[in-house]
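> One-letter residues, chain by chain:
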Amino acid sequence: MASTAAVPFWRAAGMTYITYSNICANLVRNCLKEPFKAEALNREKVHFSLSKWAGGKPEKPTLRSDTPGV
Amino acid sequence: MLRQASRLLSRSVTAASSKSVTARAFSTELPSTVDSTFVESWKKVAPNMDPPQTPSSFMKPRPSTASSIPTKLTVNFVLPYASELSGKEVDMVIIPATTGQMGVLPGHVPTIAELKPGIMSVHEGTDIKKYFVSSGFAFLHANSVADIIAVEAVPLENIDASQVQKGLADFTQKLASASTDLEKAEAQIGVEVHSAMNAALSG
Chain A
38 MASTAAVPFW RAAGMTYITY SNICANLVRN CLKEPFKAEA LNREKVHFSL SKWAGGKPEK
98 PTLRSDTPGV
Chain B
17 MLRQASRLLS RSVTAASSKS VTARAFSTEL PSTVDSTFVE SWKKVAPNMD PPQTPSSFMK
77 PRPSTASSIP TKLTVNFVLP YASELSGKEV DMVIIPATTG QMGVLPGHVP TIAELKPGIM
137 SVHEGTDIKK YFVSSGFAFL HANSVADIIA VEAVPLENID ASQVQKGLAD FTQKLASAST
197 DLEKAEAQIG VEVHSAMNAA LSG
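These protein sequences, in sequence, are chains A and B. Take the position in the first sequence, starting the count at 1, then add 37; the result is the number in my numbering. Take the position in the second sequence, starting the count at 1, then add 16; the result is the number in my numbering.
Chain A on its own, in the form it takes in the complex:
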């Protein structure tokens, strides 16, 4: 029951729709005029703390404050 619909180029390259959509949104945000651009980038900032676990215990957490380029 395989469908033979043509896949979009980004899916053929192994990208998911969410990744594609986020890239499009980031590109649009980067082309905004000044006060709007700062607002948008500010709105999209993420901060998270990541810790890997080894032997049942968390190792030292790394704090990431990425601006959205990811």
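Worth flagging that the hints you see were computed from the coordinates, not collected in a lab. These numbers come from a predicted model, not from an experiment. We treat Cβ as the ideally placed atom computed from N, Cα and C, and that holds for glycine. Mixed in with the good hints there might be a few duds.
To be verified - Selected chain A positions facing chain B (in silico; Cβ < 7 Å):
| # | residue |
| --- | --- |
| 1 | W47 |
| 2 | I55 |
| 3 | L64 |
| 4 | L69 |
For chain A, the structure is supplied; the task is to place chain B on it using the hints.
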């Protein structure tokens, strides 16, 4: 394996009841009675247990389609961080679907459309409001309600033309020099989005 599950389940019930379950097509009205032959055979086999519920017994009936086409389209336009338009009654909406610019009037055929980067315009009387949409989906329902969801949508005045040109030149060059499939895809996306913004600003 799971495809066989419905067949195996219905095998233990009389053939008559499985026929009546599969004969029901999509409908806006729900069946008023539960399948009685199934309930009877269930009670014979397991008299102390309630018959199982089916998903349709939990469903609320869909809002019925009006018999005459409404005069206005109700638009809900949402972004992840804001509700841009909520229940607004308009005359027409033109959305940038992947299959081309699609005009939506009241009474449009129910459709799910994936959006590409482009201009969405909302027409109310003589007012036209345009937004540049980065990507998203539009759900057009039978009762003339349009739910449009976009990840990023900006009024055209907020876009900086010089950055668009610069981006377009950048990505065109990246596309030419890209090696892996992923790089090519990313550069291609860049070219498409910037070309769409360019066209939006000049058109």
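> Work down the list of hints and note, for each, if the structure agrees.
Do the hints match the structure? See the list:
no. : hint : verdict
1   : W47  : 5 Å, holds
2   : I55  : 9 Å, violated
3   : L64  : 5 Å, holds
4   : L69  : 5 Å, holds
Violation of the numbered hints given earlier is confined to hint 2; every other hint is satisfied by the structure.
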